[in-house]
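Chains A and B supply the protein sequences, listed in that same order.
The opening position of the first sequence corresponds to residue 1 in our numbering, with each subsequent residue numbered one higher.
The opening position of the second sequence corresponds to residue 1 in our numbering, with each subsequent residue numbered one higher.
To be clear, the hints were calculated from the coordinates, so they are not data collected in a lab.
Beta carbons: idealized from backbone N, C-alpha and C, even for Gly.
One should not assume that every hint holds.
[Stated by the list, open to error] Derived CB-CB ranges, DEER-like:
(1) B:Gly110 x A:Val193: 30 to 36 Å
(2) A:Gly225 x B:Gly110: 19 to 25 Å
(3) B:Gly112 x A:Gly171: 39 to 45 Å
(4) A:Arg262 x B:Gly110: 18 to 24 Å
(5) A:Phe42 x B:Gly110: 36 to 42 Å
[As the list claims (entries may be wrong)] Among the chain A residues that face chain B by a calculated CB cut under 7 Å, a handful are:
(6) Lys236
(7) Ala245
(8) Gly248
(9) Gly257
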Amino acid sequence: MSVKSKSIQNKSKDERLRKVSNLKVLLNRPELGALGGSILVFIFFGIVAGDTGMFSAYGTINFLEVSANLGIIAIAAALLMIGGEFDLSVGSMIGFAGICIAIPAIYWGWPLWSSILFAFSMAVLVGYANGILVVRTGLPSFIVTLAMLFILRGATLALTRLITGRTQVPGLRVLIENDPIAWIFSADAFKGVFTWLGSLGLIALRQDGTPLATGIPASVLWWVGMTIFATWLLMKTRYGNWIFASGGDKLGARNVGVPVGRVKISLFIGTAVAATIYACVQVLDAGSADTMRGFLKELEAIVAAVVGGCLLTGGYGSAIGAAFGALIFGTVSMGIYYTDVDTDWFKVFLGAMMLIAVIFNNFIRRRVTENK
Amino acid sequence: MSNNLVEFNNISKFFGSVIALKDVTMHIKKGQIMCLLGDNGAGKSTLIKTLSGVHKPDEGEIIVDGKQTVFDSPRDALDLGIATVYQDLALVSLMSVTRNFFMGREPMKGFGPFKTFDVNKANSIASERMGQIGIDVRDPSQAVGTMSGGERQCLAISRAIYFGAKVLILDEPTSALGVHQASVVLKYIVKAAASGLGVILITHNVHHAYPVGNSFTILNRGKSMGTFDKKDLSREKLLGMMAGGEELDKLEVELKEIDRTNKN
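Please construct the entire structure, taking both the sequences and the accompanying hints into account.
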């Protein structure tokens, strides 16, 4: 092609490129719904509960922590959903990981750090099992992981009762103090800043003069860190492109050389590992493990991912969206206590929000694929 | 010998007791468009899958650049420059033009664990390549779902060429397209061959195959009915040789019969 014709072409290309307003570009982003929803939720609680202490340092930390816990698993669930699969065993994995930490540490005398590593290696195994079953059998992941939901929950209960004779394993708190890695999941960050703010009288203090909110919980940092990492992964790496491709068109992706099986298996490992991070945070925070921990969390994670713009059919979505989905969830579930509304209504809100999100997402998908 | 890019000699493929392919031989030269014609069930799909490494042939040999080879996977065929564009095109309609263009072979920048997908480079290559075939990609980050069928076909072909295809296997590239779009795609195929590629064009549409093909292999019930050069073959003869041709002749006779009995 000659230089001249090329330059003409480039010119004509520019002419054809209609200036699209930033608003329109934004409208085509998957996370728009969750972002807008978050703003609406904050405006709502700002008006209804603005003077109740919900947005004090302590209140904010509270709802952020709930959001963060869910966010950790929602982001992994979102990646998996973009990759075209579900993981319904996340909630059971949380319970299972919890006792994987607690039983070796309490009953077998393992150092806490080694039982944490043990829990993570079990997570890799469970995730791998989910993944290999889905990839090899071609069965819907809905079914495979539903089976895993029951297997894991049952095994958690049976093993715990077999070894300990009950369904709870307390007594971990004393082990946290001197452990080399437990702080990763349990420490509060920026303690100094909070103490300083407290001494200035900017945030509420306890009787003994320490601030009520002692710092930013580790889970919040995990949530933010995982959101950034997952977004980078999706948008900026080869692996991210493979996730979109595997979920968008499994066969097509395979035909051009994307290792679809490996991508999906690694995403299943991702959700199980995220569930274990969640379990670490909870178990170390409460100082005990319970066989029923994480009950129904898999569905909450899916709600957050869907509200965050993930399509149930795969190939489309965002990690930032899922993080905002979790923020909406956490804010409303905590905020409702600060209002006069009966907390029983929370689940109604949750369901309605999911419905609206799905309808909205369908609309977005049509916009994106038809360019209307 | 050596001017054959690829030779498929006496390829057979069995599925249990079913003989899907028997003794099919095809040679593809540089710049040649070889049309593979056959009715539904003639074994076209099995042949494509065997040529592209999805199936292993049970008999016969594959010779690439004069060397006998075995394809263990589609990747092997791809590495030797034999690229297949399937009917489904292997495009993800929710993903952008660029992300589709480089799907599975993303250009990278940076070092070690911090290697990232070089989106800017990918965007500029994708729109340049599409521009070369006269498809004006307004915005390479637009979703493939917004493109027309012909544009998608051209994107898939152009992607295969960009990634070093020497032999292109095109599975029914015009079957789902309107007249204008089909002619755009056919024009592009001719251009690709003129630039030195070998093309295997699989179709059941004689009217699309005849104008662009240099030689024609006709497949019927798993067997090759022979390969013919264009100069030895008229369009009518080609039509007649496809299984459908004979059937249509018979149909015509039968229709006349019905017509006659009705009149009586």
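Cross-check of the supplied hints:
no. : hint                            : in the structure
1   : B:Gly110 x A:Val193: 30 to 36 Å : 34 Å, holds
2   : A:Gly225 x B:Gly110: 19 to 25 Å : 20 Å, holds
3   : B:Gly112 x A:Gly171: 39 to 45 Å : 43 Å, holds
4   : A:Arg262 x B:Gly110: 18 to 24 Å : 22 Å, holds
5   : A:Phe42 x B:Gly110: 36 to 42 Å  : 37 Å, holds
6   : Lys236                          : 4 Å, holds
7   : Ala245                          : 5 Å, holds
8   : Gly248                          : 3 Å, holds
9   : Gly257                          : 4 Å, holds
In this structure, none of the earlier numbered hints is contradicted; all agree with it.
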